[in-house]
Amino acid sequence: MRTKDRLFANLDLPLLIAVLTLMFLGVLTVYSVTYNPESPSILSMGEKYGKQLLWVGISLFVGLLMLLIDADIYRKFAEFIYLGCLVLLVIVLFMPPVHGARAWLGIGGLGIQPAEFAKIATALYLAKIIDQINLKLQNLQTVVNILVILALPGFLVALQPDAGTLLVFSSFLFVMYREGISFDPLLLRIINYFRVVRFKTTWLGTHFIPFLFFTLILCLMSLLLSNTPIHILGLELPGIQLLSLFITLLGLIFLLLLIFFGYPRYRKNHLVVLLSAYAFIIMLINSISFVFQHVAKPHQKNRIELFLGLKEDPNGDDYNRNRAMAAVGSGGIYGKGYLQASVSSMRTNHVPESETDFIFCPFSEEWGFLGSLLLLSLYVFVILRIFSIAERQRSTFFRIYAYCVGMIFFYHVAINVGMNIGLAPVIGIPLPFISYGGSSILAFTSMVFILLKLDSQRKDVLR
Amino acid sequence: MNLENRKYFLVGLVVFTGILFLSRLAYMQIFDPTWSRRATEIAERRREIIPPRGTVFDRNWNKIVVNQISYNLMVVEEKLTTFDTASFAKLIGWEKSEVRERLLEIKQNEGYYLNPATGKRESNFRKDRPYPLIKDLSLEEITQIAPFLGDYGGGIYEEPVGTRYYPYPNAANIFGYMSEVNQEEIEKDPFYRPGMNIGRSGIERSYEAVLRGIKGVRYIVTDATAHEIKPYADKKFDTLATPSPNLILGLDINLQAYGEELMKNKKGCIVAIEPRSGEILTMVSSPGYDPNLLSGRKNIRKNYPALVSDPNLPLFARPLQAEYPPGSIFKLLQSLICLQEGKIRPNSVFSCNKTVVGCHNHPTATSVAKAIQYSCNPYFYAAVRKVIQPNLANTKEQDAEIGLENWYTYMTAFGLGKKLNVDIDFSAQRGGLIPNAHYYNRYLGKGNWSFSTICSIAIGQGEIKMTPLQMANIAAMIANRGWFITPHFVKSIGNKGPRAVYLKKHVVPINQQHFNVVIEGMRRVVYEPGGTGSEARSADYVVCGKTGTVQNGKNKKNHSVFIAFAPKDNPKIALAVFVENAGAGGVWAAPIAGLMIEKYLKKSIVNLEKEQLIKNTKL
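Chains as they are written, first to last, in the numbering used here: chain A, 1 to 463; chain B, 1001 to 1619.
I should point out that these hints are in silico values taken from the structure, not numbers from a laboratory. One thing to keep in mind: the hints can contain errors.
[What the hints assert, rightly or not] Chain B is nowhere near these chain A residues, computed Cβ spacing over 10 angstroms in every case: (1) Ala158; (2) Pro210; (3) Phe369.
[Unchecked claim] Listed next, the stretches of chain B that the computed footprint assigns to chain A, with coverage defined by at least 3 CB atoms under 8 angstroms from CB atoms of chain A: (4) 1008–1014; (5) 1031–1045.
These figures come from a predicted structure and were not determined experimentally. C-beta atoms are modelled at their ideal positions from N, C-alpha and C, and glycine is treated no differently.
All chains, please: the whole structure from these sequences, using the hints.
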């Protein structure tokens, strides 16, 4: 009895309620999208909504079981869970392909996707490994170890092929950043090879992940601007030149700041950093623009242009996204009403996959901007709640795992919703708890319930 | 190094993404109408409902023009994204190359039209517009194909096209025919779309706007294969199609059929009018054709060339388009004018002086009625001379000019020398010719002519030209004792009655009593010994008539004409019979008129021998 009392007393109710709400919305949306007037009961097992409800039931049952298991077990057996998932990921490659991907274990509708569970396993194992690292004594080995742990399942998933899940594995990089994993050992080895200046640490290595993120955004901007002339003060400037000009100005300002306010002691090093950063950025944006305009093959260029919205091809390559966006846009402020989605419902079938990867568009079409606002807010709440749960953990293992869960959520939501509104490329990954699919629901439920269990035991851990 | 603060980077990332997405959503869903419009394009369709074309009835409520559905296979190129030519060719039983050629042909031909602005042929072919791929498929043919059309994603579908069916193989020149609309018509009138039919002649053309009905529009929600899912917005914006009201013609289809039978193997026409209403009971143009020969694209393609090149001109609507000299029937009008002008009295006598104008042998006409009975040429020469030369000017030439103008106003009042404006395409009618002073001044020179120059107009020869319809209308006008209603086919549009113009009485400027004189003459023509129209005689009712024998140039046989009405009091039918190259009016035209009257008034024929003789005669 004591165990039970303590268990429920320490459960994080806001997160639990938010997740249960998402599940409810999921069943509701799947019902609407796949609604068949001939078997309107939500319990009809022949329809997707019946199956979805069944999976929610199974998932909640499994989640309950997870609450009953001692949290320490996950830490103890993290390697084995990880290895087990790797084995499953290998086995799955020998299964017959479904929709062109060897992602399913089992037969037909009852299959599960090991890739969904590999995310949890990797998160657990990564947490355990980082927990064991002494942050003050990072070396090349520690960085490589972590990258290998990420790369192995990532590689196997890529073989399926499942670009979406592969992308999700990159979310752990952000967790590494939070935990202070530095890319310095890697970078220093390269930089010190040239023996011009000596660094003990580099800004770049320490903040490698945000830097990568920043670089990606720069790449996107230079792609966007490379073909778009911009009119300023009656002048028509190629966008890419304008961007270069802007960055040069920014560089000069930094230079002046450095000269007047910088520590004289570090001035030389900072100057080198600034100049190399400036040179790097200018080279990056111009070379990307050059590659895009002169080297990229037409079909590659086409893809990129479609994604960036520089070109439209509503009936060809951009079919799905164009129709999904039309569905979202037609929702208006208040939406068309429940069961009234005329573009994205399965009955009209204008948007293929509208019950799985594109489920955000029927939701948004039926509930409009207000509904979408509510759903996105709920997701932001869930992610931030997970972050705050992470921050209150005494155990590093728990915290890392929690951050991993939060980032997985963030990636899934950002990519899934992003592709429905034209802000992300079309990459098939499910919207947590909403998209139809047993594996996805079971995996996300397990992920969250493990987190809830870990959180409920946070006070047992002695720092 | 404080790692705690790094959490703000992650939180910031999440919050920033959330705000970015929400702004994007707000823009897409609230401010930018593009996506909403795109959704309408994708999921909603405007479907036009074309009501069935109006049915046409005759005066006894026999259906005479009805609809028959055939199907066009339509193609929308935009939607043929994944078009399997081979499977489609197999489905319709064509060669693969034929399908390709046809698609190319559509692109190159269907969209072309003559741009009036530039005078050049320009293409307005559009990928999102439907064009007929195969036209005029029967129900049997389409049922083989239609179930498989779903495979082509809405790019190919069937569309019913109304073609006409005529239960009676008669009256083709009245009904006219329909054929496919051309590009110009599609541009001009939003009602038409490629593949639809439009009335080309006859009633079909003149009542096109009535017969086609009013299109309905439905807005529907469709699926990706263009099939209807449900009505859009609970049918809020839908409009119903309004079918055309029925057209009820004054035509008596049985009389028409009988007339066509009598006229078989003869060239000419019969026009019968109900005098009281101006409704046309019968309008036979011989030789005619079965209207079903020109119903539907396949039939038109098969039969039209033969009909057009036939030397007997079956497509030529003689009653409206042929202009003949009226011959002696014109004497009726001359009598009326002379009496009205006071130049003769009912019992005036003019000797049959064959030195001025030829005549046949008959007793001297001692009254107007007898002059009509004998059809005495010199009598009317002398009488009309008094009208044309009224002794009002110094020279006879100037005098003739004044007299002819006066005479001309009477003619115009009788509905001659101009189109009568029947309810058939105005351009397909002719007005005949009545010469006036201006006419002779132009051709003979002013001051170069007087009555003696133009005297043949007195006996309906020379320059005078009338259409058979005008001849029948004259009979109706005399039957009415001085007025007529413009002859017309459509007795009622739905239950609204005829068009307003066909209710107006045209009163001629002749006093009532003069008609009694002329009608007595017409009775004598048929009933008195020496009358020329005795072949039209009936014992059960009084037929009034007048023969005409139209001289037709040298070495050509005369045309045979007869106009009549019956019964004498309270006339029910007025008609004109014109048989080309048949000889004297009394020989062929009169008996045909007699049979027609008998058929209409008695419904059965007594003298079957006469009927048989006429039917079997080939002229």
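List, from low to high, the hint numbers that the structure doesn't satisfy. Hint check: 2, 3 fail, others pass.
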